[in-house]
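K.L.:
Below, each chain spelled out in residue letters.
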Amino acid sequence: MPSNDAAPKGRAARSSSIDWRTVVVNIAIPLAGMLIALTIGAILLVFLNVNPFDAYAVLMGGAFGSWTGLAQALVKATPLLLVGLGICIAFRASVINIGGEGQIIAGALMAAWWPLQFRSWPGWLLISTTLIMGFLAGSIWGFIPGLLKARLKVNEILSTVMMNSIAAQLMNLLIRGPLIDPAGVAAGTYLAQSERLPANAWLPRLVPQTLLNAGAIVAVILAVVVYIFLWRTTIGYRIRAVGLNPDASRYAGINVPFYQALSLTLAGGFAGLAGVVEVLGVQHRLLEGITGGYGFTGIVAALFGGLHPLGAIPASILFGGLLVGADKMQRAVQVPSSLITAILGLVVLFVVGSSIWSKRWAARRKIEAVKESEAAG
Amino acid sequence: MNQVFTLGAIVGILTSAIRLATPYLYAGIGEAFAQSSGVVNLGVDGIMLISAFSAFYVVLNTGNLWLGLLTAILVGLVMGLLMSLISVTLKAEQGISGIGLHMFGLGLSSLLFNVLVGTVKTITGFPSIKIPLLGDIPIVGEIFFNHSILVYGAFLLVPVAWWILDKTSWGLRIKSVGQNPAAADSLGVSVDRTRYISVCIGAMLAGVAGASLSISLLDLFQDNLTAGMGFIAVALVYFGGWKPLGIMGGALLFSTVNAFQLWMQVLGVNIPSDVAVMLPYLLTIAALAVTVNRARQPAALNKPFERGES
Amino acid sequence: MSIKRMFFVGLLICMLAAACAPAPAPAPAAPAEKPAAAEPTKAPEPAKPTEPAAAAPAEKPAAEAKTIKIAVIMPSATTDLAFSQSMYSALKAIQTEMGGEKAMELKYTENMFNVPDAAAAIRDYASQGFDIVIAHGSQYGASVQEIAPDFPDTTFAWGTDVNTFGLKNVYAYTAAAEEGGYINGVMAAMLTKSKKIGVTGPIEVGDAKTYIDGFSQGVASVDPKIEISKTWTGSFSDVALMTEAAKTHIAAGADALTGSSQSVVGSIGAAKEKGGVLWFGTQADQASLAPELVVASQVYDWTGMLKEIIAKRAEGKLGGDKYVLQLKNDGLKIAFNPDYKLPDDVKAAAQKAIDGIKDGSIKVEP
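Chains as they are written, first to last, in this note's numbering: chain A, 1 to 377; chain B, 1001 to 1310; chain C, 2001 to 2366.
Keep in mind that the hints were calculated from the coordinates and are not lab data. Heads up, none of these hints are tricks.
Derived DSBU-like pairs: lysine-lysine, alpha-carbon spacing no greater than 30 Å straight-line:
| id | chain 1 | residue 1 | chain 2 | residue 2 |
| --- | --- | --- | --- | --- |
| 1 | C | Lys2341 | C | Lys2196 |
| 2 | C | Lys2341 | B | Lys1121 |
| 3 | B | Lys1130 | C | Lys2274 |
| 4 | B | Lys1121 | C | Lys2092 |
| 5 | B | Lys1167 | A | Lys153 |
| 6 | B | Lys1121 | C | Lys2193 |
| 7 | B | Lys1091 | A | Lys371 |
| 8 | A | Lys153 | B | Lys1243 |
| 9 | A | Lys359 | B | Lys1091 |
| 10 | A | Lys153 | B | Lys1091 |
| 11 | B | Lys1091 | A | Lys366 |
| 12 | C | Lys2230 | B | Lys1121 |
| 13 | B | Lys1303 | A | Lys359 |
So the derived list for chain B, only partly shown, Cβ under 10 Å to chain A, looks like this:
| id | residue |
| --- | --- |
| 14 | Gly1046 |
| 15 | Leu1090 |
| 16 | Gly1100 |
| 17 | Leu1101 |
| 18 | Met1103 |
| 19 | Leu1112 |
| 20 | Phe1231 |
| 21 | Val1237 |
| 22 | Gly1250 |
| 23 | Pro1272 |
| 24 | Met1278 |
Think of the CB as a built atom: it goes at the ideal place given N, C-alpha and C, for glycine as much as any other residue.
Please model the entire structure based on the sequences and the hints provided.
P.N.:
Listed below in structure tokens is the structure:
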């Protein structure tokens, strides 16, 4: 569980003293938001003749009540975190990247192709080159909207939404053409899947009987890297400056379009990595539906993590956990999966809606702190 | 390739394009209202879905198409109020609340469909109405004047929305709230109320967009009926530079290319179908890239307003 | 400030996770006798482990003769009027035939387009002691291959594919969709007046491809001069584009249409709106959508295969075989729509083609 520890330690080391009242408030308020959402969900459950307490016990216990559940949550958290890291970079530069889905596909396509070309390579070389190539493929998918924005002022929301559909069709084209599994052709089934990758290209599994793989560790390391990049390097500083105040940045001589394009390119790269990890770590081949909607959920995870690379770690785990618990709930109480999607939507709405009270609390504490220091001085 | 440019094919393509553009027009112009006031609503797709189902369900049970349409609008209004509550009153990050709204609409519409209907059924939707005289004009009549009432409505909405946004004081107020909420506030304009109204108008139009699918164009409902149309509609708002006419241009371009690629496939033009399906997306990006004149987005877009903050 | 707040949200999550994860580790001595749902948990707190069986190896219920427990994992909704619904209906029919819930316990998980979710579901059902776990989607193959060896007493069935991975507890199944496609093609070729037939497909893969290839061969066997035009929408779920594709075929002169995937309901709607256009269905019986124009549907009937798997399991054979639904073994059926007046000569030709495929005199390439 390295991911769980990384965030608190990293932060705690720098904050001299923890304001425990603020901690309690910041835990209680989102919890209250979640409770409201779950209460509305409970009404829907009653309407379906399901005992909401049973259902919610499964929802919560599903991911965080057992080691295997937790491992499953981390499997889902991995692509969410990787996409989320890219979102952190892009949104910090005020660039809105809706193109995660397409960028995941670009990385996944590369991961389905590259290892087949170099099957004889040793595992470490094959895996590391695939990760790099997948990052590159994803970043190309981010670079195109980035370039269009920088040079031709094409809005990135438009281009990334369109690039998602283009990537999906590109995948259709390749998966029924050059990438199709020869075994499927031989058997006459023509399934929409690529050839199974050689075992030396698989990311090692961390927990037996689960899909948890080394990709999770890669993601956490990268979270730290992105943190250092954004807060400890000049380029990172400029990316954030561009996002905070583009006009001031321009006057300060920062090439604003360049840094926006760069942030979108990097965002694409990280989403591409999510695709690679899904292929090398989970599926071992490319399948229809590889993105799993992570391109969108990753945005939510990153924003819940305060657009902070380290904050994205626990936020991804929470979301991964909710998704795993939701599946368990579907199985345990036999409710349609759509009900769970609806409840998750409500949770997102009300937790994000509750943030206003946390903000107000923080503002009040700030004033109090100023007053205290004045009184002391 | 030549046979794509026969008269019959061209009439077919344009007729299809008018139909296909309809949901994008409603949803896109609705989103333009919300965005002009400074609120990005990424939940359009979710609103379309839940409204599409509501309209379908009412028509399935009562057979009354207008009641179905009204229900879709009311459901859209409720979703708009929810979005406004979270994004305007509670000043939440709009990107997240929109995605939350989308998940909610997607889930709830499938759930209700599963529980209340159970399997795919068809209804009789709004019929095509041939407009007298105009509909008899050869070619033009066939393309433009032989559609269902919701299709006409979508195109009538364009000048109406343009007039409201550009020519009425109320429209100017919406835009001022989107450009400079602090200034508007100091002039006595209620920023929150203006944003509520704009978001709700947008949501009601998204509701009509959903209904146009389920009770006019497709006459059925299925899980995730919109298949991401709401997101394309949001993208088209940027294409159109927040102007109804521009959005219509984008919607027509997108759907004409889409209709064109279907005809190419039907006529057996020798390109991979996947590349054909890609075309509308590619050309929409390309078209925006080559047109020079570009509107600046509302300055306060995506920024919650709090009095006292600059 | 908001970053700080978000950090605390994060902290909360860590604490939640920390509070739950090391909580009383599931005691391996107490294997689950009942599924997680039956655990009477009163409070919504996540403290209680609800999945005690997960860590323990599969515990085969001693008294198996009583109730057979079957779980199915499906990629789309049970209401899709296509692939998933065909399996769910078959299981429901068997359940009724066997005597209801007492004889056969049936649980399902739908909309599992995400493979890791499906893998979790497959493992979960196996560890809950289900006798037969059906992974109803070709994308679940790798998951079955990984999980099945951990549960040697559980039968896994998966499709559509023909690969049992050499495992003794895995059955594989698929449908020779091209056969019914051929029959539909023969009828379409005889019924079309405009000599133009439209095909609306999703993506040219899997049984969408094989069905349509079979259909084309059927048409060509009657009259090779008939024009068949095909459109692919690039999506299994885009009903709006599928509808427009069908309208385009009709506008181009087609008077007989077919197509595959759950989005073809849109094509049927388009044909219905126009009138005078015939429809040929596949996967499930689609006559209910438009009784006046659906000529016939190829129906995947999984009941025979499922019954055989249940019977073989009762005899102690947990897997190792593969099944191909064919006309010959009654896995594929042509459901003629009783409301459509099919001319006798067409029906006779269709029957002749069915017999030909059954006895092998007609070969249909997938």
